[in-house]
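Throw the hints in and build the complete structure from the sequences for me.
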Amino acid sequence: MRRYSPRVFSVASRFFRQRSLVEEAAQEVFLKAYTQLGSFEGRGSFEGWLTRIATNTCLNMLRSSKRRPEFTVSDLTDDEESWLEQQPAGDGREHASVENSLVAADLADRLLAVLPPEDQQALLMIDGEEASIKEVAEVTGWSESKVKVRAFRARRKLREAMEKLLNHKERP
Amino acid sequence: MKDKHIIEILDNASIARLSEIELNEVQLHARDCASCRDAYEAARLSELVIKSRAQVTIEPSPFFQTRVLAALREQQAVESVPAMVRLWNSARALVASMAVTTAALAVLSFVLPAPAVAGDDQTVSAYSAESVILGQGSDELSYEQVLSTIYAEEDEAR
Chain R
21 MRRYSPRVFS VASRFFRQRS LVEEAAQEVF LKAYTQLGSF EGRGSFEGWL TRIATNTCLN
81 MLRSSKRRPE FTVSDLTDDE ESWLEQQPAG DGREHASVEN SLVAADLADR LLAVLPPEDQ
141 QALLMIDGEE ASIKEVAEVT GWSESKVKVR AFRARRKLRE AMEKLLNHKE RP
Chain B
736 MKDKHIIEIL DNASIARLSE IELNEVQLHA RDCASCRDAY EAARLSELVI KSRAQVTIEP
796 SPFFQTRVLA ALREQQAVES VPAMVRLWNS ARALVASMAV TTAALAVLSF VLPAPAVAGD
856 DQTVSAYSAE SVILGQGSDE LSYEQVLSTI YAEEDEAR
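Protein chains in written order, with my numbering: chain R, 21 to 192; chain B, 736 to 893.
These are computed hints drawn from the structure, not numbers from a lab.
Don't be surprised by glycine CBs; every beta carbon is placed ideally from N, CA and C.
Careful, some of the hints might be misleading.
[Stated by the list, open to error] Computed from the model, here is a short list of chain B residues facing chain R with C-beta under 8 Å:
(1) D773
(2) E776
(3) A777
(4) S781
(5) E782
(6) V784
(7) S787
(8) Q790
(9) V791
(10) I793
(11) E794
(12) F799
(13) V803
[Claimed, not checked] The following residues of chain R were derived to be distant from chain B, with all beta-carbon distances above 12 Å:
(14) E61
(15) G62
(16) F66
(17) W69
(18) R72
(19) N80
(20) L82
(21) R83
(22) S84
(23) D95
(24) E158
(25) G161
(26) W162
(27) E164
(28) K166
Here it is in structure tokens:
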């Protein structure tokens, strides 16, 4: 368990920010893995098998939780608003500084909440962790075209939500 | 490319995955097209927040392993009890209450004497003179029975 905890926690952290939820998901993953150990055929890596269990468990947890209402500009905290104002025009390949990354992560969570859990997962893996389409397909069990569609849809929705925020900010 | 809108390119792939040539073309177009400039800026910031979000990882607490092992032991303990025993444990109270009710009903039916019903004496002489004469009795009576009933009532009247 000690060996695979980092991987399981990394997957669960992609879905949840609250420690209690991450630990609840991780615990369920290990219990499921223990009971389903007989179904592991040894064809792929054990870590891959566990990652798949973790992904499905977290997706199910997220699906059963209530969806949050549409994000509006009035929901922006002062920190988030100043973070948006501070971002200089760049080439799109820069990273947020460490002190600002938590504010950005909070903003991401609130924006991602408008997407279905599957779309969130696809976008976080592809754009956030720079995973390939094939990798996402393997972990989720979806076809590659489904992954592409989900990522495309999620990227567009997120961009539109961000555009709305920026427009509101410029025209208060 | 300069005349074509770039919104679809932005939605198709992350900016980080665009080649240098593609990125230059996108930026060149965005400089002259206001709507694409907004879209590019929004896509850039979206990608930045997503990257920041992906970096957040929560580490397991020191007691996590102990908790999972305890949950595992609990699960094993539940699984080790045979199914019939588990069924009996959950249905025990219901079965016990049903048994008590059945026993109570049996005692009431067979052991305790039946209460005396008022008017039993009257049922002995089931036939009144009127019923016999008017033919309201349910059974067919013999001539002797009819006569004895009539005389008995006359004797009682006397």
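Consistency of the hints with the structure:
no.: 1; hint: D773; result: holds (6 Å)
no.: 2; hint: E776; result: holds (7 Å)
no.: 3; hint: A777; result: holds (4 Å)
no.: 4; hint: S781; result: holds (5 Å)
no.: 5; hint: E782; result: holds (6 Å)
no.: 6; hint: V784; result: holds (4 Å)
no.: 7; hint: S787; result: holds (4 Å)
no.: 8; hint: Q790; result: holds (6 Å)
no.: 9; hint: V791; result: holds (5 Å)
no.: 10; hint: I793; result: holds (5 Å)
no.: 11; hint: E794; result: holds (7 Å)
no.: 12; hint: F799; result: holds (6 Å)
no.: 13; hint: V803; result: holds (5 Å)
no.: 14; hint: E61; result: holds (22 Å)
no.: 15; hint: G62; result: holds (22 Å)
no.: 16; hint: F66; result: holds (17 Å)
no.: 17; hint: W69; result: holds (18 Å)
no.: 18; hint: R72; result: holds (19 Å)
no.: 19; hint: N80; result: holds (18 Å)
no.: 20; hint: L82; result: holds (14 Å)
no.: 21; hint: R83; result: holds (19 Å)
no.: 22; hint: S84; result: holds (19 Å)
no.: 23; hint: D95; result: holds (14 Å)
no.: 24; hint: E158; result: holds (18 Å)
no.: 25; hint: G161; result: holds (21 Å)
no.: 26; hint: W162; result: holds (18 Å)
no.: 27; hint: E164; result: holds (14 Å)
no.: 28; hint: K166; result: holds (16 Å)
When each numbered hint is compared with the structure, no violation occurs for any of them.
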